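Trainee: The primary structure of each chain is shown beneath.
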Amino acid sequence: MSFTSWGGLPEQPQIKKTISWRDQLPGVFGDAGLVVGMGRSYGDVPLSINGIVASARGLDRLLGFDSSTGLLHCEAGVSLGEILAFALPRGWSLPVVPGTQFCTVGGATANDVHGKNHHARGTFGRHVKSLLLQRSSGEQLHCSSQANVDWFSATIGGLGLTGVILELEIQLSRVDGPWLDTETIKFGELDEFFSLSEESDSSHEYNVAWIDCLSRKSRGHFTRANHSAAADPVSAHGTLFSVPFAPPVSPVNRFTLKAFNSLYYHRQQVSRRSGRESLVAWNFPLDRLNQWNRLYGKRGFRQYQCVVPEPAIKDLLACIRQSGDGSFLAVLKMFGDLASPGLLSFPRPGTTLALDFPWRGADTLALFKRLDQIVAAANGAIYPAKDAHMSGEDFRRAYPAWEQLEQHRDPVLKSQFWQRVTGESG
Amino acid sequence: MKRAAIFGACSAIAVATARMLAEQGYTLLLAARAEERLQVLAQDLRSRGAADCELLSYDAESTPLDQQLADTVWASGLDFMLVAHGQLPDQAAVQDDPEATARELNVNAGSAIGLLALFAGRFESQGNGTVAVISSVAGDRGRQSNYVYGSAKAAVSTYTQGLRNRLSKSGVCVLTIKPGFVDSPMTAHLEKGFLWAQPDKVAADILGARQGSSGVVYTPWFWRYIMLIIKLIPERLFKKLSL
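Each protein sequence line maps, in turn, to chains R and W. All residue numbers for the first sequence refer to this note's numbering, where the first residue is 1 and numbers rise by one. All residue numbers for the second sequence refer to this note's numbering, where the first residue is 1 and numbers rise by one.
In case anyone wonders, no lab produced these hints; they're calculated from the structure. Just so you know, these numbers come straight off a predicted model, no measurement behind them. Don't take every hint at face value.
[Claimed, not checked] In the SDA-like style, the derived pairs of lysine to any residue whose C-alpha atoms are separated by at most 25 Å in a straight line are:
id, chain 1, residue 1, chain 2, residue 2
1, W, 192, R, 290
2, R, 129, W, 48
3, W, 201, R, 292
4, W, 192, R, 81
5, W, 201, R, 215
6, W, 2, R, 129
7, W, 201, R, 278
8, R, 258, R, 215
9, R, 414, W, 189
I would like the entire structure built from these sequences, with the hints used as guidance.
Mentor: Given below as structure tokens:
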């Protein structure tokens, strides 16, 4: 099968093979240059340098669940959505989920993903208790905070380069039910976002904001949520709509964006609105729009996500506004100070800004380079899972432990991302 | 306590069906070739709520269909039996090779029919239960690109049709399952389009069809109409097509 990353890279799709059972692994090493999950990374992190990837999505068996402690043992290809479907009716949930449930637990670990509750729970990797790593040499390593500790921290956030994760143990968290009590607050300018964030970090499990990045004062919606005590079951979450193909001309452009953003901002009339939403629907709104990445047309889009200290956010937003290039999905979130467990984990104290830009070639790239300068000056970092452009220099500054990861890299696994950001140093 | 037997238990459709039965607390007898795979699968099903998993090493090409096998599988009775093993041959590689063709017919038809012959009488005297057999839309009409597999599935479809006719008198439900394109390891090498279904969908259709249906389950449902059109094309025209 053909394979492209979520952002539609590369132009010539790669070949995807599938792994459904462990006995197929020996044939994979030396053939595929990288093992991936569901391909939800945006840039070139899931692309191999030999053009062949193998998806471990088929390793999707649960291996055991202790309903008294919430420790889940499973293979690495199980998706987060499948875990939630299994765990929520049993009174347990994943402590950390990213913006999609369509990623594997192995992929979530390899990118040490974060969620809207980073301030309360830290990254996904903090809840991985152990993992079994298969090396191309045939060696299997049981890794945890007690055994093979260096391999454990290299593999969490290790971008799939240390070997193939076969199994993991994940500590689930107790919940009363599948519901969240949610509240959405309109704010008129950026400073309000920061004060709402600080105020809510101690009172709410989940905090995130959408901002209208084309508005002068960066108005937006701040949403926060806590687990609800309601325990009634949720009816199945269907797909609302499937985007069947990428239109030749994207409906998302600088003219429609301004209108979209304005409409979106004003869709909520009152300044505060409370409600109850299912954990799945609230955390994964875009999952209901199947293949939403195609909305950006044949030329596709690029995501820019970075983390910087608070003052630099203003500079980044000003730079974007000046460019006139907009983003519909502009998300702001303050990270907490819980340490990330991986050598190359992205989350660190500061504020993270994530934006999708319709890809306009050199113009978009020029904007990214200006943003990179602001990020570098603020000693921030760009998120590898979303990236297709950052320079090797920026990467090595923000991820100084990269050489340790290189030492733990399996010799037959290498991504285009890794080649790009480490290549220049020889 | 409900008990089900699944042959070809590691196939994608079988796994999806077994998971749904596990959620309902079934005891599952899982029969397949690869024991290591069976053990991992059993762990999965136990985690999901299966009361118990019994594992049986079964090879469609070599396991004798004798009374010992029948006794092991049947034990004290079965509420549900799924025959799901099969393989999709490379038509071009087998079509001019009589031995390979015969082997494919045996794996995809002979062995499945043998299992049905082994258990038909037991279901008949038990007087209840469901027997589901995975056939295929490929069995509805022979096409040059896939007629070795297609003719084997046609045999399965016709055999189960007759068996349904016989066992309906004793309250046993016989289901002929005709999936279209299913996204599974068997088809991993093919590009997927909008007609493709996930194994979960097929499994839900299998278990949903157990009460009061005609017994022929096209899954997803639209394949009934696609195949109707394909079956309606006159043979003198059809033979000239390259399907």
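Trainee: May I ask which of the numbered hints given earlier this structure violates, with the numbers listed in increasing order?
Mentor: As far as the earlier hints go, 5, 6 are violated by this structure, in ascending order.
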